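Take these sequences, add in the hints, and give me the full structure.
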Amino acid sequence: MSTAQPPRESVDQFLKASDELMKMGVTFSGNIDVALDDFKLRLEGFLKTNFLERAVAEMLTHSFSEFERDLRTNLVGINKICTEGGQWYAFCFGSALGRDVHPPASSDSKQGSASKPSTSQEG
Amino acid sequence: MQNQRLTEDEVQKFMQGCEDLMRLGNKFTMNIRQAVTDLKGTYDPVLKSQYVEKAVVELLTRSLQDFERKVESSLEGIDKICTKGGKWFSFYLGRAMEKEMAGQPDLTSRPAEIKMADGNEPEHLSLGSRPFAKKAGS
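Chains as they are written, first to last, in numbering that gives the first Met the number 0: chain W, 0 to 122; chain X, 0 to 137.
Worth flagging that the hints you see were computed from the coordinates, not collected in a lab.
Possibly wrong hints are sitting among the right ones.
Okay, derived cross-link-like pairs now, DSS-like style, lysine-lysine, Cα gap no bigger than 30 Å in a straight line [claimed, not checked]:
1) K39/W - K79/X
2) K22/W - K12/X
3) K39/W - K53/X
4) K39/X - K69/X
5) K26/X - K15/W
6) K22/W - K69/X
7) K69/X - K79/X
8) K83/X - K12/X
9) K15/W - K47/X
10) K15/W - K83/X
11) K69/X - K39/W
12) K15/W - K79/X
13) K15/W - K69/X
14) K53/X - K47/W
15) K39/X - K47/W
16) K83/X - K22/W
17) K39/X - K39/W
18) K69/X - K47/W
Covered stretches of chain X, going by a simulated chain W footprint (3 or more residues, C-beta under 8 Å) [to be verified]:
19) 28 to 41
20) 72 to 79
From a predicted model like this one, the values you see are computed outputs, not experimental measurements.
We put the CB at the ideal spot given by N, CA and C, even for glycine.
Listed below in structure tokens is the structure:
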């Protein structure tokens, strides 16, 4: 390989854009989390009233619990992609250009998961 | 790996990993959409029954619609990141490697091997005769 490198400015610009994209993913994920909390708060208010039959309230509570568990599990996955995945991308992109880039923190276990993303949980 | 350039194989492997990761992101958003559909599948019949007061039905229906709208809006954003973002990741990494090998330090123009879908999205990338990444995230 040649020792010539793309302009530092271009690389920095792209890495910054990549970082912002990943942060946007985390923000979207956070928005879903907040929306879920809001809905949960309202739902719990309804379920505590006597305007619903008890059996119905129990059924709705059970359904919502399952839904909440599924949604939060998948949000954790999305967050991991946007945080750890983004860091690994920056690391590999920088390394490919021969730049002095530090790997993401607590690397050993994460390195395995980054190189084998398909083995991550799929919700 | 610090201070060492990645080999072509390592980059190839990483780009495959990157593509898989973006697909996984799409899978997670699909799972969330399915979970919302399942929840509605339980709530809708209940809200249509006579076991719930009319006022509660209206309030709960509105809350559910509001929640669904917010979730869908954010999922669309995540989907875009995982599809378009994933393609651009492969595009730039492949470009950087290509320029490294060719010794042309220019990241501002598109190499001829890159096919652009819809005129402005990278769709396929190759390094010399070797395909570098398939349609990422799609």
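Hint-by-hint comparison with the structure:
no.	hint	result
1	K39/W - K79/X	holds, 27 Å
2	K22/W - K12/X	holds, 25 Å
3	K39/W - K53/X	holds, 20 Å
4	K39/X - K69/X	holds, 15 Å
5	K26/X - K15/W	holds, 26 Å
6	K22/W - K69/X	holds, 18 Å
7	K69/X - K79/X	holds, 16 Å
8	K83/X - K12/X	holds, 20 Å
9	K15/W - K47/X	violated, 50 Å
10	K15/W - K83/X	holds, 16 Å
11	K69/X - K39/W	holds, 14 Å
12	K15/W - K79/X	holds, 18 Å
13	K15/W - K69/X	holds, 27 Å
14	K53/X - K47/W	holds, 16 Å
15	K39/X - K47/W	holds, 20 Å
16	K83/X - K22/W	holds, 15 Å
17	K39/X - K39/W	holds, 14 Å
18	K69/X - K47/W	holds, 25 Å
19	28 to 41	holds (count 8)
20	72 to 79	holds (count 5)
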